[in-house]
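Asker: So the sequence lines, in the order shown, correspond to chains A and B. Under the UniProt record's numbering, the very last position in the first sequence is 299; numbers go up by exactly one each time. Under the UniProt record's numbering, the very last position in the second sequence is 299; numbers go up by exactly one each time.
I should point out that these hints are in silico values taken from the structure, not numbers from a laboratory. All values reported here derive from a predicted model rather than from experimental measurement. Please note that a few of the clues may not be correct.
Which copy is meant is left open, so a pair is good if it fits within one copy or across any two.
Unchecked claim - Keeping only pairs whose Cα atoms sit at most 25 Å apart, straight-line, the calculated SDA-like set for lysine to any residue is: (1) LYS106 x ASP94; (2) LYS12 x GLN292; (3) LYS106 x MET92; (4) LYS8 x VAL204; (5) LYS289 x GLY278; (6) LYS249 x ALA37; (7) LYS249 x ASN30; (8) LYS8 x GLU175; (9) LYS249 x LEU36; (10) LYS106 x ARG169; (11) LYS106 x LEU84; (12) LYS249 x ARG34; (13) LYS66 x ARG297.
2 protein chains.
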Amino acid sequence: MMSVQEFKSMLKTEAGSVENYLSTCLHNRNIPQRLLASMEYSLLAGGKRLRPVLCLAVAAMCGASKEHVMPFASAIECIHSYSLVHDDLPAMDDDDLRRGKPSNHKAFDEATAILAGDGLLSEAFVLMSETAQHLPAASVLSALNTVAVAAGSGGMVGGQQLDMDFTGRDDVSLEELQTMHAMKTGALIRCSCESGAILGGATVEEQERIRTYGANIGAAFQIVDDILDETGTEEELGKPVGSDLEQGKNTYPSMLGIEKSRELAQKIVDDAVEQLAGFDGVEAQFLRKLAQYIVDRVS
Amino acid sequence: MMSVQEFKSMLKTEAGSVENYLSTCLHNRNIPQRLLASMEYSLLAGGKRLRPVLCLAVAAMCGASKEHVMPFASAIECIHSYSLVHDDLPAMDDDDLRRGKPSNHKAFDEATAILAGDGLLSEAFVLMSETAQHLPAASVLSALNTVAVAAGSGGMVGGQQLDMDFTGRDDVSLEELQTMHAMKTGALIRCSCESGAILGGATVEEQERIRTYGANIGAAFQIVDDILDETGTEEELGKPVGSDLEQGKNTYPSMLGIEKSRELAQKIVDDAVEQLAGFDGVEAQFLRKLAQYIVDRVS
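Hey, can you work out the whole structure from these sequences and the hints?
Answerer: The structure is reproduced here in structure tokens:
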């Protein structure tokens, strides 16, 4: 069994490798200076790098080389980063702060922030399609399709639309809230795992279990995020406490209360861990710990 | 030789097939209603469908089935459509009209327009990656990479950034203007041809010539667009005449005069046609006529 200490050390190492790769992946691509600065401002603003770390660990668990999967995994972080830039725009959530720093359109301007987001999304597909140098083209294309669907209008983008549609409505059901989050944040986290499984050459049955693991991680992550928005400090969050409630957003704590929300997150994480039964090795242990780590942030 | 009449009839037929495909390609994809409406509002607002028509004709000229290439070709139109939606936003070019109709953020709202653009870009990669059902995965991935690079921050998105950087500056050189347009409008037109060549199984030498054909078509297209902005009617343009000049944009006519701009466009088109020497059949004839057709709009 992996100790918490070992897990945290491995998490830090993995996130560090992603960080290294991200810090140069947009260079030598003929990007106008101001646009590149804006893209890197957000892409290199820190963060847990959860999505690429998941993709790498799953791919390695299934047999792929992390080095070969790195461009693909990092592409998912580019997509995550673009979504934050666009979500913060005045016409969207109108957030001036992100991770304790001015959000992109505040540090640059609105037009540049829109283009930086568009650029990050496009570069993600450049990175993914470059992965074929080392992995079978059919697997890369299938993994890329999974990510495109998850990031798109039936996934993350559609979830953001539902989030706006729901904001201010007081009759949103728990089921609607879950659907919205499964699309808005869940889909990208899920596809990080699923694409890793495809790239690692997992069987269809393994892909299915890893897909469920990822979906559960994503769902638990959102519940925990909602809880932290109420119970965390501004320093921990990098944004004002209670901003969800202030914006009239429906959250798990507002619908279930803090305690029931915590219990739900734990139940979902337990189910995620069960999906990994049968997988061995250090990566599998890491992924089990990672699931629990998400809930531990609020207990 | 293909007559002008035959060319126009073929152009209409090809654009009609694309139109048909576009009209249902976003259905059954779990897209929230308002978002789908916004995406289709712009995607199905007409237009010449030049980019997918180029992709299909080149692919067929090189030996692929148009039916198999259709999702890929239509994806490029989704990218073109998203770029127009984002370009029209208040923070960007702030255009209220597009093809004689309210632009997307006027018909819906800014947030929805941003998401519709994001959605169209993502769905483009869904469509491209689905093409692998009928074509070799390695070719699809290579063609997709070409499109992603052309659409991204070193291509179309970067060109829009340069356009904004240049607007209002009175010391922009002809070379800078050409670089900006080669990125902003040229890259996507070029990659429509190039990806068609890759999907059609063209040799590397053929790909190179088709790439040059496409780059020239793109360059000529922009010069003609600039000329029409000064000499066309509002009805023809679907937007006010002279809007480029009013916004302080640098254009070919403003730098070279109308007559010299026309000559330049003709020279570039002649060179494009030369690249197709050695290609036979109805598609090659169609592509030669299409090149000339672009200049004929202003002579």
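Asker: From the Cα coordinates, with 25 Å as the cut-off, is the pair LYS8 and GLU175 best called within, between, both, or neither?
Answerer: Cα proximity of LYS8 and GLU175: none, with 34 Å in one copy and 53 Å across.
Asker: Give the relationship of LYS249 and ALA37 under a CA distance limit of 25 Å: within one copy only, between copies only, both, or neither.
Answerer: between (32 Å within a copy, 24 Å between copies)
Asker: Go through the copies and call it for LYS106 and ASP94: within, between, both or neither, with a Cα cutoff of 25 Å.
Answerer: Intra 10 Å, inter 19 Å, cutoff 25 Å: intra and inter.
Asker: Since the copies are identical, ignore which copy is meant and state whether LYS249 and ASN30 lie within 25 Å (CA to CA) inside a copy, between copies, both or neither.
Answerer: For LYS249 and ASN30, the Cα distance is within 25 Å only across copies (23 Å; inside one copy 40 Å).
Asker: Go through the copies and call it for LYS106 and ARG169: within, between, both or neither, with a Cα cutoff of 25 Å.
Answerer: Between copies, since 24 Å is at most 25 Å while 29 Å is not.
Asker: Measure nothing new, just compare the shortest in-copy and cross-copy C-alpha distances for LYS106 and LEU84 to 25 Å and report within, between, both or neither.
Answerer: both (13 Å within a copy, 24 Å between copies)
Asker: Pop the pair LYS249 and LEU36 into one bin, within, between, both or neither, using alpha-carbon distances up to 25 Å.
Answerer: Intra 33 Å, inter 23 Å, cutoff 25 Å: inter-copy only.
Asker: Using 25 Å as the alpha carbon limit, work out where LYS249 and ARG34 are close: within a copy, between copies, both or neither.
Answerer: Only across copies: LYS249 and ARG34 sit 19 Å apart there, 34 Å inside one copy, limit 25 Å.
Asker: Should LYS289 paired with GLY278 be assigned to within, between, both, or neither, using CA atoms and 25 Å as the limit?
Answerer: within (15 Å within a copy, 62 Å between copies)
Asker: 25 Å Cα cut-off: does LYS8 pair with VAL204 within a copy, between copies, both or neither?
Answerer: neither (31 Å within a copy, 49 Å between copies)
Asker: Between copies, within a copy, both or neither: which fits LYS106 and MET92 at Cα up to 25 Å?
Answerer: Both ways: LYS106 and MET92 sit 14 Å apart in one copy and 16 Å across, limit 25 Å.
Asker: Cα distance capped at 25 Å. Does LYS66 pair with ARG297 within a copy, between copies, both, or neither?
Answerer: neither (27 Å within a copy, 53 Å between copies)
Consistency with the previously given hints fails for numbers 4, 8, 13, ordered from lowest to highest.
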